[in-house]
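*Asks:* Spelled out from the first residue to the last, the chains are:
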Amino acid sequence: MRALQDFIGRVRELPRASIVAIGLFVVLGVLAPYIAPHDPNAQDLLSAHTGMSWEHWLGADHLGRDTLSRLIVSARTSLVGMCLVLMIALSVGVTIGTIAGYKRGWVEEVLMRLVDVGLSMPSLIVALAVIGIFGTGYWNMILALALAWWPGSARISRAVAVGIMNRPHVEALRVLGASPSRIYFRHLLPGTIGAVLVYATADAGAVALSIATLSFLGLGIQPPTPEWGQMLVDALPYLESVPMQVILPGLVLTGVVIGFNLLGESIALNRVPAPLARRVLKARRLAAAGWGKVGR
Amino acid sequence: MIGDLLQVNNLSVDLFTPRTALRPVDGVSYSVNSGETLAIVGESGSGKTVLNFAPLGLMPTGVVADLHGSILFDGVELIGMPESRLRAIRGGSIGTIFQDPMSALNPAIRVGRQIAEVGELHLGLTARQAEARALDLLKLVRMSDPESRIKQYPHELSGGLRQRAMIAIAIAGEPKLLVADEPTTALDVTVQAQIIALLKDIQKRLSMAIVLITHDMGVVASTASKVVVMYAGRMAEYGTAEQVLLSPRHPYTSGLIAALPVPEDPPGSQFRGLRGSPPTLGAPVPGCSFAPRCPLVLDICGKITPRMTAGAGASSTACHSVNGIRLQEVTHG
Amino acid sequence: MAEQPLLRVENLVTRFKSVERGKWISAVDNVSITLGRGEMVGLVGESGCGKSTLGRSIVGLERPQSGRVLLDGVDLSTLQGAELRKRRRAIQYVFQDPYASLNDRQSIGEAITEALIIGGISGKDEQRRRVHTLLDQVGLPSTLSERYPRELSGGQRQRVAIARSLAVEPRVLICDEPVSALDLSIRAQVMNLFLELHQDLGVACLFIAHDLALVRQATTRTYVMYLGRIIEEASSAELYARPSHPYSQALLGSIPSADPRIEATRSPPDIHGDIPSPTNPPSGCRFRTRCPHATDICAADVPPTVSLSPTHLASCVMAETLYERGPQVSQPDMPHHGSGNHPVLVR
Chain A
96 MRALQDFIGR
106 VRELPRASIV
116 AIGLFVVLGV
126 LAPYIAPHDP
136 NAQDLLSAHT
146 GMSWEHWLGA
156 DHLGRDTLSR
166 LIVSARTSLV
176 GMCLVLMIAL
186 SVGVTIGTIA
196 GYKRGWVEEV
206 LMRLVDVGLS
216 MPSLIVALAV
226 IGIFGTGYWN
236 MILALALAWW
246 PGSARISRAV
256 AVGIMNRPHV
266 EALRVLGASP
276 SRIYFRHLLP
286 GTIGAVLVYA
296 TADAGAVALS
306 IATLSFLGLG
316 IQPPTPEWGQ
326 MLVDALPYLE
336 SVPMQVILPG
346 LVLTGVVIGF
356 NLLGESIALN
366 RVPAPLARRV
376 LKARRLAAAG
386 WGKVGR
Chain B
400 MIGDLLQVNN
410 LSVDLFTPRT
420 ALRPVDGVSY
430 SVNSGETLAI
440 VGESGSGKTV
450 LNFAPLGLMP
460 TGVVADLHGS
470 ILFDGVELIG
480 MPESRLRAIR
490 GGSIGTIFQD
500 PMSALNPAIR
510 VGRQIAEVGE
520 LHLGLTARQA
530 EARALDLLKL
540 VRMSDPESRI
550 KQYPHELSGG
560 LRQRAMIAIA
570 IAGEPKLLVA
580 DEPTTALDVT
590 VQAQIIALLK
600 DIQKRLSMAI
610 VLITHDMGVV
620 ASTASKVVVM
630 YAGRMAEYGT
640 AEQVLLSPRH
650 PYTSGLIAAL
660 PVPEDPPGSQ
670 FRGLRGSPPT
680 LGAPVPGCSF
690 APRCPLVLDI
700 CGKITPRMTA
710 GAGASSTACH
720 SVNGIRLQEV
730 THG
Chain C
8 MAEQPLLRVE
18 NLVTRFKSVE
28 RGKWISAVDN
38 VSITLGRGEM
48 VGLVGESGCG
58 KSTLGRSIVG
68 LERPQSGRVL
78 LDGVDLSTLQ
88 GAELRKRRRA
98 IQYVFQDPYA
108 SLNDRQSIGE
118 AITEALIIGG
128 ISGKDEQRRR
138 VHTLLDQVGL
148 PSTLSERYPR
158 ELSGGQRQRV
168 AIARSLAVEP
178 RVLICDEPVS
188 ALDLSIRAQV
198 MNLFLELHQD
208 LGVACLFIAH
218 DLALVRQATT
228 RTYVMYLGRI
238 IEEASSAELY
248 ARPSHPYSQA
258 LLGSIPSADP
268 RIEATRSPPD
278 IHGDIPSPTN
288 PPSGCRFRTR
298 CPHATDICAA
308 DVPPTVSLSP
318 THLASCVMAE
328 TLYERGPQVS
338 QPDMPHHGSG
348 NHPVLVR
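Chains as they are written, first to last, in the working numbering: chain A, 96 to 391; chain B, 400 to 732; chain C, 8 to 354.
Honestly, I wouldn't trust all of these hints.
[To be verified] In the BS3-like style, the derived pairs of lysine-lysine whose C-alpha atoms are separated by at most 25 Å in a straight line are:
{"hint": "1", "chain 1": "B", "residue 1": "Lys538", "chain 2": "B", "residue 2": "Lys550"}
{"hint": "2", "chain 1": "C", "residue 1": "Lys30", "chain 2": "B", "residue 2": "Lys550"}
{"hint": "3", "chain 1": "C", "residue 1": "Lys131", "chain 2": "A", "residue 2": "Lys198"}
{"hint": "4", "chain 1": "C", "residue 1": "Lys24", "chain 2": "A", "residue 2": "Lys198"}
{"hint": "5", "chain 1": "C", "residue 1": "Lys93", "chain 2": "A", "residue 2": "Lys198"}
{"hint": "6", "chain 1": "B", "residue 1": "Lys538", "chain 2": "B", "residue 2": "Lys603"}
None of these hints come from the bench; they were simulated from the model.
Could you put the whole structure together from the sequences, leaning on the hints where they help?
*Replies:* Structural data, given as structure tokens:
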């Protein structure tokens, strides 16, 4: 699919730190059950609060559960949660945004005002409100966060959609008498998704952070499923005696968020092309030397 | 000619980018003196813009330019000049006009300020002096209502006015040489005529030399005293405007001139042009780069690059066919 | 002409909201033009005159406020949806920028095939055959159908765009500055293609351009537009020789010739000032603020359309006087192909 190729092409141009952080996150998340040395939920009260040891590489928490395994499995929890939220939010947002961008006129006005309302409310408050009304639970959290996230992608989709519709090759299709559904499904939607996916990926860090925040407050991922925010709140009472248990999940979470933020920045900022690498310049000069004496 | 203000001798430019190496300028020589206008004519891929901007250090970031040959400006060699000295010349004794006034002007700064900046930078004026001078310059470029224009932003001006503002910026440093890159292409025909008249007037007043880059033969005819025709980075023809426009020797030049529709052509008749397309720049081509499109092509054209050879009382041209014939004429007496 | 024109535009008005609050820009202000079967007509004017907007309004890319567009006598504004699309397909549009009018993600073959599908051709074999025929018609080898637009030159891309338009078998081609973005030496190739298509397929063309010399040679009739209004119409040859509106005269007087001797003695055209703001056009005759012959009458009323001959109309109180002056001599009788090198041409 072209949208995917487009996406991969853009990924290639990203900062290394970002790719490493995100890559690690994804790999750990996907392979978690196979990598984690211990069952994350296996309690071993005798090992509670131990520091780093051969048995527990990063120590154990207050219930003797292996921290390393919990961190790894949390990656999966976060990853899955994040993907679900984004998938739902993007589906809704892209649909609304592309319809607004295609139809223009009053349809666009109404939809965009709806988006404005959505954007004016802080995402966390929205999520808290939904969970407050409907109670805690995995799907409640996912849907609450998706509700908070869709307006942003709607706004971006609309902007991209309008840009695409104004391009001469799409205008050419209109002049040819292409049906609206052909233009929408074969040209507008694929073009928009490609661009929006990139922005969405940049936003993903914030989603992961929100999941952690809700879990920290006890409103997100419920125990026993491990999650970074949850690990943080569990270890908080023991901050003075075993600070590592608080620092570690915090550090990992920070790393993931920074990774995504760097990604977002590199997309948003138009970087000035880097000066030619010395090796490349040498190769080029060599090629030019082979051209021989200049013409007269 | 020796002693001219600008003497370009066997200039070649190699450009290196992350992806490729190319030679957009290959062995070009010409000169311009104060009060003269040299037109550099070419289509896309002719190298006409790189020719003028690379020596001034105006290549985009991420591109490295290697210059060979010599460019003497007012007796000083420009090739190899450090950036600090080039910066003093750029905007000062060499002024530039770019093709699209909207992208060349800073949209966030008022027009008057942009002109004044040049005075402050290159002539050491104070802000007040520079602003007063900006007003004078706007009057010089015949901008309507200069007192209010000076406080306006570029987007508030029409295309023709923006171009006048850019000309004001270009001459604010009292340049000896003005390099104008397609100054009228983005403008309407009626405005074009006014801008051309303006350039000629300013040239007289400041006795500047002008290098005018264009693809429009009409503009050449109304402004130039000398003409260089470029094709694929190499010179095709060089001579006075009358020689090149009225008696072109190179088949490319003839083709370009013949391509202009004239009133004598009855409506519905075929348009004249050249077959094929202008080449994309890359490594220098062995032999003549115009050969694939040339109506006078010979076997030798694919093998040996033709050299610029002067004609008696006519332009110099780099063409085997044309020069070969002349050689024959000479030997046959 | 007793026969009904193929395309008739009546009193078309297209406005845009201006950046300034509450103001409108009348890009097309009460314009009426006609295009006969197989006719080549030119529409000239400078930037901001509304010629592109007129073309776009005809094909439906802009929505006019009022006025009618009649194709074969049928008012297109009375139609909707699929019926409208089917009818309006007979009018196709060639864009100025050959680089943007093709989809970078589609190969040439795919782009033309999509046009064929829209036009109702479904069978794969039939599609392939037609792609081959179309590429042939525009002078491109059929091997090009595998390539992508970025691999093609400007001239080739423009031809592909034309082939795509021809895929739906149009009877009218509206060409918006079709060659201004192309190199000089290859403009002739595309222009001659239009002439050929006109001859072989009988397609009527509306050439929107600012290059008068080009339009004069390609068309039989020309309209001149200024700030949203048609100010003169005549046969192309006569417009060029006897422009009877001060603006047309200024336009023609501004075209530089390639002969330095003529240029040395030429005086700049008799036009001063800049184009007025389109949100606040001058009352009466819109050209009066720049016209060397303007009088008080010009500010009071919109100038009448004067019929200088059955085919020559101009909207100016001075039209007759200017017409009486006779043909303008612009070029001396000098051969302008210099040394006898006549390059063989085109395609």
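*Asks:* Could you grab the alpha-carbon distance between C/Lys131 and A/Lys198 and see if it respects the 25 Å cut-off?
*Replies:* Between C/Lys131 and A/Lys198 the Cα gap is close to 32 Å, so the pair fails against 25 Å, i.e. violated.
*Asks:* Would you mind confirming whether the straight-line C-alpha gap from C/Lys93 to A/Lys198 stays at or under 25 Å?
*Replies:* Answer holds: C/Lys93 to A/Lys198 is near 20 Å, not above 25 Å.
*Asks:* Given the hint that B/Lys538 pairs with B/Lys550, test it: the Cα-Cα distance must not exceed 25 Å.
*Replies:* 14 Å, holds
*Asks:* When you check the alpha-carbon spacing of C/Lys24 and A/Lys198, does it fall within 25 Å?
*Replies:* It holds: about 18 Å lies between the C-alpha atoms, which stays within 25 Å.
*Asks:* Given the hinted pair C/Lys30 and B/Lys550, is their Cα-Cα distance within 25 Å?
*Replies:* 24 Å, holds
*Asks:* Measure nothing beyond the straight line between the CA atoms of B/Lys538 and B/Lys603; if it is 25 Å or shorter, mark the hint as holding.
*Replies:* Holds: B/Lys538 and B/Lys603 sit about 16 Å apart, inside 25 Å.
Of the numbered hints given earlier, the model fails hint 3 alone.
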